[in-house]
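Got chain A; can you put chains B, C, D and E on it based on the hints?
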Amino acid sequence: MSRIGVFVCHCGENISATVDVAKVADDSSRLPGVVHSVDYKYMCSDPGQTLVKEAIKEHNLTGVVVAACSPRMHEPTFRKACATAGLNPYLSEMANVREHCSWVHDKGEQTTQKAFDVVRAMISKVSNNGALEPIKVPVTKRALVVGGGVAGIQAALDIANCGHQVILVERSPSIGGHMAQLSETFPTLDCSQCILTPRMVEVAQHPNITLYTYSEIESVDGFIGNFKVKIRKRARNLDEDLCTGCGLCTTKCPQKKIPSEFEQGLGFRPAIYTPFPQAVPNKPVIDHDNCTYYKSGKCKVCEIVCPTKAIRFEQEDTILDVEIGAIVLATGFDIKRSDFFPEYGKGKYKDVIDGLQFERLASASGPTQGMIRRPSDGQIPKKIVFIACAGSRDPAKGIEYCSKICCMYTAKHAMLYKHKVHDGEAHVFYMDIRAGGKMYEEFVRRAIVEDHVNYTRGRVSTIYELDGKLIVKGADTLLGAQAVEIEADMVVLATAGIANDGSEELAQKMHVSYDEHKFFAEAHPKLKPVETNTGGIFLAGACQTTRDIPDSVSMASGAAVKVAALFSSDLLTREPIVARVNRIPGPSHSTCVGCFMCQPVCPYQAIEREEIKDRAGNVIKSLARINEGLCQGCGTCVALCRSKSIDLLGYTDNQMHSEVLSVLEEAFV
Amino acid sequence: MDNLRKKAKELLESKTVDLVIGYENGTNGKARAVFIKDPEKTGKLIYDDRCKQNLAVYLNKHEVKHYGKIAIVAPLMVMRSVLVLVSECQLKPENIVVLGIGEDGSLLDFPSLEVVEKYIAKIPLGNPEPDQVIIDKLNAMSMEQRREFWQNELERCFKCYACRAACPMCYCLRCTVECNQPQWISAPAHPLGNLEWHQLRTMHLTGRCVSCGDCGRACPLNIPIHLLTMQQAEEAFHMFGVRAGTSQKADSALSTYKPDDKENFIL
Amino acid sequence: MKLGIYPGCSLTGSARDYNESVFAIAEACDIQLEQVPDWNCCGATAAHNMNKELSLALPARILAQAEKVGMTDIVIPCAACYSRLMVTQHELNNDPVLKNRVSEIIEMDFKGTTAILNVVQMIDKYVTPVLKDKIVKNFSHKVACYYGCLMVRPYKVLQYDQHEDPQGMDNVIRLLGGTAIDWGYKVECCGAGLTMSKTEIVGMLSGKIVKDATRRGAQAIIVACPMCHSNLDMRRPAINEYTKEKMDIPVLYITDAIGMALGIDEKKLGLQRHFVPVKMAEYIPPVPEPKKPKAKEPINNL
Amino acid sequence: MEQFEPKLVAFVCNWCTYAGADLTGTSRIKYATNVRIIRFPCTGRIDFMLISKAFANGADGVIVSGCHPNDCHYTSGNFHARRRWMSFNAMLTFMGIDPERIIFSWVSAAEGAKWADIVNQSVEKIRKIGPFTEYQKLVQSGIEEENFNG
Amino acid sequence: MTPETKIIDRVALDKLYESLKAAGNKMFAPVFRNEQTDFEYNPSAAEISYSHIQTTQSVKNTVFPKIENLFRFESGQKSVELVQIDFTKVPRVIVWNAHPCDAAAFSALDAVFNWDYVDEIYNARREKLVVIGMSCIKADENCFCTSVDLGPGSVKGSDILLTPLANGKFIAEILTDLGKSIADENASLFTASNGENKEEVLAKVEKHFSHEKVTENLKDGFENPFWHEFSLRCIGCGACAYVCPICTCFDIQDESKAGNGRRLRCWDSCGFGMFTLHTSGHNPREVQSQRWRQRLMHKFSYQPDRNEFIGCVGCGRCSRACPVDMNILEQLVELEKIEVAAK
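Protein chains in written order, with numbering that gives the first Met the number 0: chain A, 0 to 668; chain B, 0 to 266; chain C, 0 to 301; chain D, 0 to 149; chain E, 0 to 342.
For reference, chain A alone in the conformation it holds in the complex (with noise of 0.2 Å):
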């Protein structure tokens, strides 16, 4: 039987004024299984807590119920109370009787009437409450962050700069990402590289950060501080502990026509290569697709040449297994290339080019030395049409959202152009000026009032060819949809941002959810924007969505305090409040069939497949099992569940139902 002592405060006369807590206290000493019953001033102030501390000695209580305000505000204050008095905190429940009763009501029977329904009730609850324990979970002590670009940089850095080890895991040769590719940034039009490449530098240089380029993730298993990761560290056919990065097998290659990934295909690069001069690591990777031994068996050019004899052409991927407590996604994004528009061309015009192509035509390090040539014949354009929203918030082409950053780099884009081609005339066709942020709008005024830039609002219906020039046909709607037709050198189209090649493939690796266009989908989209549903897995940059560059790095510093912070101690410690599956004795073992219903409901994935084995090891049975270092205790899982073999601690099925059935006992006055 139980032992509940009861404590009604009066909250000054917060309380006491509408409700006679006086009746309260007295009509609940008179319900089964109680066995104290009081009423004081200031139940939270010192004198009483400890009120309830000397109670649940004097009368050895087996539940306490503190009749006050609301839960959300001094439930931690009476369940600690309850602790230092050697109750478990959990025995311990608030009836709100201020803010939903005293405070909402006259004073009358009604309200006392209330009050003690609320107070019978939670005296019913609190009898099915069982002692709990916080959950500790043990915290690996080293981060992975996916992905070198700006936000994964900015990631590592800061994680690495609070004590911290990192592993940081780049796709490609180098890391530097988007960023490096960039000429200039707005809205300073400060040179990319030049602030980039120094961050660069710091995380190889970085004694807590482990560098892999040329890497992938194979696979992620565990949870939140407990994470084994494999990852896939595609080989370089170098040794890379050999090379000095000297380069000269790469001005040896006799491949030299590859069209360069990081040039945008507007530069060739050989088969030995680094993606570009500033390279980390300033090591060469062998291209084996394009590679003359690889094709053909013969060739070793690099090999002979190599100073230090580092090249080995037998090498072989390598997979490593690490243990890691928190992982940061920063895998970026990608565009859409102008073969994704048959109405300009279909990719089939030479001079109709993207955003990025453009970056390495106006980048003092890019194919053209930073002079503005079309690729066609090379010659320097006259006139320029620029294409904002090429692609995005079009419906039609399945991008209904707003890619963000085209905006701005479409001004800066027809700024540069004018800068470099004085006589040169800029046309932009835009839907909405979206210039929201520190010196943006005033970035894009400039384009238009200083450097004269054309622009146009309408859409450009469609793009073909002409003697040699690109007839664009557009319409300004602000006169009143007049079609207009502009003969230009090149186009440029802002092409939408989209979700990096292979995201879906590696959110379904992490147990990341991920929005219908692929993009990493956050924990909350206002509270927890750097939060994915998995716990101990963050986002930085934009891999969430298309962001800037100052966004992208707030983002990856947020990131990196949420790792920094689940580092903070050795042990995770978690509120009980998680979901269980119910045990039984054999042969049945739980109620659960097995049905996983149960998982796709989970927000967090926090629901495993648990295999029952016999003595022989063969499986007799599966059913869910939580991982209750995942579980964050929703309780959805449990309202499904058909057979009931889910509860939630802290709200049990036992403990609402007799709530229920407890606050309908008496008639309401």
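If you are wondering where the hints come from, they were derived from the structure by calculation, not from laboratory data. Since this is a predicted model, take the numbers as computed values, not measurements. Careful, some of the hints might be misleading.
[Stated by the list, open to error] Here are the simulated distance ranges between beta carbons:
1. E/Glu-34 with A/Glu-607: 47 to 53 Å
2. B/Asn-24 with E/Ala-45: 56 to 62 Å
3. C/Thr-71 with A/Ser-460: 35 to 41 Å
Each residue gets a CB set at the ideal place from its N, CA and C atoms; glycine is no exception.
Just chains B, C, D and E, lined up with the frame of chain A:
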């Protein structure tokens, strides 16, 4: 029918399957389930209009599962039930061979469950016409009339649980009615207990019912309880666009959602 | 091979030539075209501007008629009719309530299971597979394939070809041994129904089309729509008014081109009914010059 | 005749509606005393059988309230709950039990005034409909009959 | 007493029914409704069915209702108080138009409820029970009363047994004192018998098997593979047990609110998987074949052994109610045939 027997025999002879579940001639002109292990006995198999039982119910049965790989004579409702059971991890696709029966009674060749899915995708699904007619009639009644109708019907229930036993989707080891901590459902067969039981059954089958009607046929007291789950099957389709037993994926109506599910009653 | 055909109003009237050439190539390829029994008007532009249910009921009845006699595939040469029937089937198949309502209106059971083919789809499915052996004389001409609006749009409904840069007819021309040019007006508007009320607008819009095709050296414009044909062909005076020069480029139906390659008599194809005489010299495409390495130099070598 | 005072229970989620109701209190907005609030972590936790249990035990009406769509503390609990209620409502309607007695709402932590409105409206609505005698009769019938009288 | 035979015509029979009903007796009579014939309390004479072969449910409801309130309890803060039911208030129930199989079943129930524990409420109800039986002039393929020592005209268990004649009149055999008192109270409704022979009108029910042989075969048949083979089809519902006039398994349920409530006895079935489930998780009857075996063994082996009667009256209801055609007659015939393998 000859094709069916031939195919069943082949499957047993080649040891592709260990057991064939089908229909045979029962007593008093009824058709009933038969379990054949011996290829020589496949001559017992029949298929005609009397074969109404949803044989998928046996796929959950401990003794039947024990045999190993099973071929099942499957008119549409059985096919759909098989898909539901697969999607709910109660049946491994590699352990079942579907001997499909077309709408014209012909044997359909299903090399895999994917082909079953494709077949079902082409067929208009819904409740059997006569049942839907009654459902429509009930829906046309006033709320009060419907309440009276169901009260009179459900009052008679004596909780033999034949409805539960006949349903392939009611495979729980412990049904909620057998849970007494807390006592979710009043166990006695009084009007409240009966109402609670049938509400529970209906809700638990929402999005999972394949409209086979076996619960109603099983009821010894002729209570038309199958209308409840059938109505929910239609509702689930109208509200969520989901029909049970169309794919092997776990995507039933109540374990998934769309952010833009449309309702008109939440304030 | 037996297919249903829905001619609509134009193929029995102003576009008799189109009808003739469709039947001519069908016959040559052993396709029997059978008219949907007791067909009615598709409603065209007028109906959907006035009454939604009517605009759906008219095409639904046509389809129901076809279903009734068990036609599984029907060919619709007119792009406007094609569009209306496709839109109707799409809308009704996605709205069971509306479907029931329309079935009630037409007092017929409408299932929505018919495969609706435009002429190019019919050619793809039933003509091209047998074409190779039947070509008598290559269609050695350089032409501009013009698709207009209704054959490829709205893409959501039709899901046919790549709507911004369709290739269906271009591929057929290549198969016939012809050359299809890349040009800018493939899916532009010809002026359509304004042909009666605002002929000068049709002159301008069609004029741009005709002009672009001409200046790119096309010898003919290939169409698959009676409306496009009549605007580009019959409205030549208005076009010439706009272009300020006499345009004499003929306008052929895609079926005409096939018919010519198959050696079908011009009369049988109805070519004599065209306003602009069908006269084209043979065109042999130049052999591509050997690649000049210089021209291919990357721009970083500039 | 004395005015009928309906009994209502409210099943609310901890993060939005419970907090919203707290705000009603802090803002001192008055509402009818007929409702008893029961706190759940999330609307996703609310078993439909609890609603039936509430009716069987004398409730005349039930309020179910949680976070607005997209605002769920647990991301999707309310979406799952919404499907459950849609199905439950459909079933009750078909069984001839007017789902009007269950009032569903989304009340955020900022909508203290809306909570008061919801309660007042619900109490008025249920007062107008009257006591849930059909259900309560069910509870009493069945056994007496089998016993001796009737 | 020595049985008497009288004649009553249909009009008088209806009058007899109405007058018994009017006298405050609770009448339990078969009515055709919901496409089936089943017993109901107090229908009007006009509603009563005389043309059915068998009702869906048996008449055990009158003495062993599907829910029986055993007592009430009320709890205070410290203790719980029991409130007993006043069994003297049990009304007199007259089962009207029960077939001989149903009438005979009461003696089996009597034995169960008085075997080791004398069940007060059962006996209270039983004492107030009158059975007006009706011989069968029709039977179907599920009927097998003659195989279990009963018959379409069997008088066992009836206070008065009626037998319908071709001329629309009924032979009334007044069999007990209770029957006689009813006949005497309504003497004007009866006429004298002219030696009508009921055997001429009775249904012909073939004897399908020897129950003695079945019982004998079962003695060593516990492990026979027969059970597995025959029960594969069984889906484990309780329909057979619930419609059976002799099945008496029950479950005890407490229902309470705020500490006050009642203890109820509800029907249960040995066919349910949970029926024998132990708290330990062990289930002695783990699979359906064992439960099905229990059902048949109980009726044809254990009860004959313990109470010297067969737990079956051959009414055939279970075969009719079974959703999967578990035909008891078919199985009993098989059971008679099987040769028990020598150990």
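Going down the list of hints, with the structure as the test:
1. E/Glu-34 with A/Glu-607: 47 to 53 Å: For A/Glu-607 against E/Glu-34, whose Cβ atoms are near 50 Å apart, the range 47 to 53 Å holds.
2. B/Asn-24 with E/Ala-45: 56 to 62 Å: Because 41 Å falls outside the window, the suggested range is violated.
3. C/Thr-71 with A/Ser-460: 35 to 41 Å: With a Cβ separation near 37 Å, C/Thr-71 and A/Ser-460 satisfy 35 to 41 Å, so the hint holds.
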